[in-house]
Amino acid sequence: MSFRRLAVLMLRESRATLRDPFTLAILVLVPLGALLLFSSVMSTEVSGITLGVVDASDSHLSRRLLADLRAPGTFQLRPYPDRASLDRALVGGEIAVAVVLPPDLERDRRRRGRPEVQVLYDGTEVVLAGNSEAALTAIMTATALDPIASASVAPVGAAGGPRSAGIAVVPHVLFNPRLDGVPFMVSGTFGFVMSFLTTLIVAVSIVNERAAGTFEQLQVTPATSIEILLGKVLPLGGVFAVDVLLMMLLAGFLFGVWPAGSGLFFLVVSVFYQLFSLSLGVIISATSTTAAEAVSKTVLLSNPLILLSGFSMPIQNMPAVFQWLAEVVPATHYIRVSRAIYLRGAGPGQVAWELVIIAGMGIALVLLAGRAIGRRT
Amino acid sequence: VSRIQRLRRFARNVLAIAYKEAALLRHDQTVFTSVVVLPIMMTVVMGLGLSFRPQQIRWAVFDQSDDPISRRLIGDLEADSAFLPPIVLTSREAGRERLGAGELNAFVVIPFDFRRSLERGRAEVQVQLDGSDPIMAARIGGYVSQIAAHIVDPRSEATHEPDRLGTRSPPSSPIDLRQQFRFNPTLDDREFYLAALSGFVLTNLCLSFAALGLVAERESGTWEQMLAQPTSPLEVIVGKLVPTVAAGYVGLSVALVAAGLMYGFWPQGNVLVLFAGALPFMLATLGIGVFVSSVARDSAQAVFVAVFFLMPSFVLSGSLLPYELMPHGVREFGGLLPLRWYQIIARRVIDRGAGLTQILVPMGVLLSIFAVMMLAIRARMKPRLG
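Residue numbers (the numbering used here), protein chains in the order written: chain A, 5 to 381; chain B, 1324 to 1709.
Next up, chain A with everything else stripped away, as it sits in the complex (with noise of 0.2 angstroms):
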């Protein structure tokens, strides 16, 4: 292998890649766009939901209950008339819960001391039924112990006594106490990018040089296919490695998310991980003919890839075959190497075997790209 050619295709390839602002435009805004958009998409919240009320009763609690659910950051409230009506709007999907206060709420309460409040939701919407689940039964338990709400109705013993008693459990949350979404989403976003970007940027240079027929010129000069290879892939890398940092220091500036490891550790290993999803890339160029071909192979190919690598669900909730099969995924590996440094801190002692399995695929994958480039002269 000789360094001087090297040098002299990376060159090449890091100016036919500079020269073509389509090219750049994709490589600048797709990373910062997927950054931004999908970023805010995963909330435990509920302040966005739509919450139905009947509220038939009509008295100080079940005000009392509903100016509660409508306090800032919780539900959004949308009052209809009786219960067909809101059967209809669950129907029709316009909302996903919603809350039937009874006519006799004021009086089952003296009574009995533990009103009974009806609650519907969507399951199909199992996100939303969800988070709201747990709101609900937070805001209308606080409500309904609070003093001030009980004041008017007659004291009774239910409402202190039996919560007392019992095993709390006292939840603590570590690495992101406040529940918040973006961190999760901003940290699998660089697997998002790093997996699906870069193999097609580079399957669709290849192809489109083999369509102009350049391709086959560098293959009659001297250079080797390992240095044809180096040189595509090391520009791009290049590339990539700013692509990186641009998306951490928009991360951090934006949404306030730094890594909690180092910042350093995370952009060697995407860098070393992308160098491989650049060879995923060369081979598929291998195998298409036409760059749109390549193009929808990649799709084809990243696709279910994306899904099973646990960029928006844990993978452990999968079944056993669908876990196998998320560990031969590449980006399985360095979405949770990349979690595992932004979100919880980790070293590289702690990811070291997920480190080797990466580097494992890596090389297998470059040797492989290497043959490809290699066969079709």
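Just so you know, the hints here were simulated from the structure itself, not pulled from any lab data. A quick note: this is a predicted structure, and the numbers were derived from the prediction, not measured. A virtual CB, placed ideally from N, CA and C, is assigned to each residue, including glycine.
So, partial list: chain B residues that the calculated Cβ filter (under 8 angstroms) puts toward chain A:
1) T1356
2) M1364
3) V1368
4) F1375
5) D1453
6) A1461
7) L1643
8) L1644
9) D1674
10) R1675
Chain A side only, calculated, beta carbon under 8 angstroms to chain B, not exhaustive:
11) V45
12) G52
13) T128
14) V130
15) L132
16) T294
17) L312
18) S316
19) P318
20) Q320
21) A350
Following the hints, put chain B in place on chain A, whose structure we already have.
The following block gives chain B in isolation, referenced to the frame of chain A:
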């Protein structure tokens, strides 16, 4: 008279182009992939693979009390199908370390005075959760609380296992919350994703066909041949859309049948209503695809743009995560995507059995997206050479 003649000529030209396109599609290998292979593959992944419901929870316990009740709490957690057998640790630091390494989801610490405080009325158990995945952390915390709540209450002792989502709040709550989960009583994630599945398939299919169609014609020179014929650009475009819509219906049917056969998940509502709702969606998506391909320089660019339209569509439309929870700005941006409105239609019809009148609004939005796209395409597609 001339208007009728013009219309007939339009229809004839459109059909001629549609015939040519259908012949092309028939010979295209990738059509089979997107119409048959992709729907089935996505059905498998989305039906089995994706879930927010915590399973195989990896947890450790540090039981400082080690008495019958604490052991029963551990036993009850272990007996729950969502929890794996616990790792027994002997210090807080060990648990903290394993949480940091990502080996654990939860770490339960039972204090020394657990039994004594319980006899006095109230004992505390600490659960340390890995908050890096917020949804999982919140759910697992809830599971532990619910299982713990049943320990002291002898009445519910026998039934703590399957009914974790419960129809009633625990007896200690001052308000008797009677909760009811409609349409999907077990809160099964699968239904959430399977309902959105056809949207994925159709978006992918319509975008890639439409985005490629025009650019490929321009590249191979056949676009100029068509300009030289007595067909107008609009006729060509509409003619190209017809067979793609037909392919889209095949893909939609494959997705529905696959979900039905594999998971017994058949639409609640009328399939014809769903088909009616799918039409404006396909038209709007195709419109975007054709517009992209009329702007793009070559097919690589067209597909690039289509792909980067595809990805945010999936995430921002609410197909994977509810759009109601997204912040303002992102939520409204998602409203520009046709998939947002189609997934609303699909969930209403498939999950809740809505009729045609209940999906008129999203259908109207989709048609207006299509109309805007057609105007934009018309402006771009003035007959011109080179």
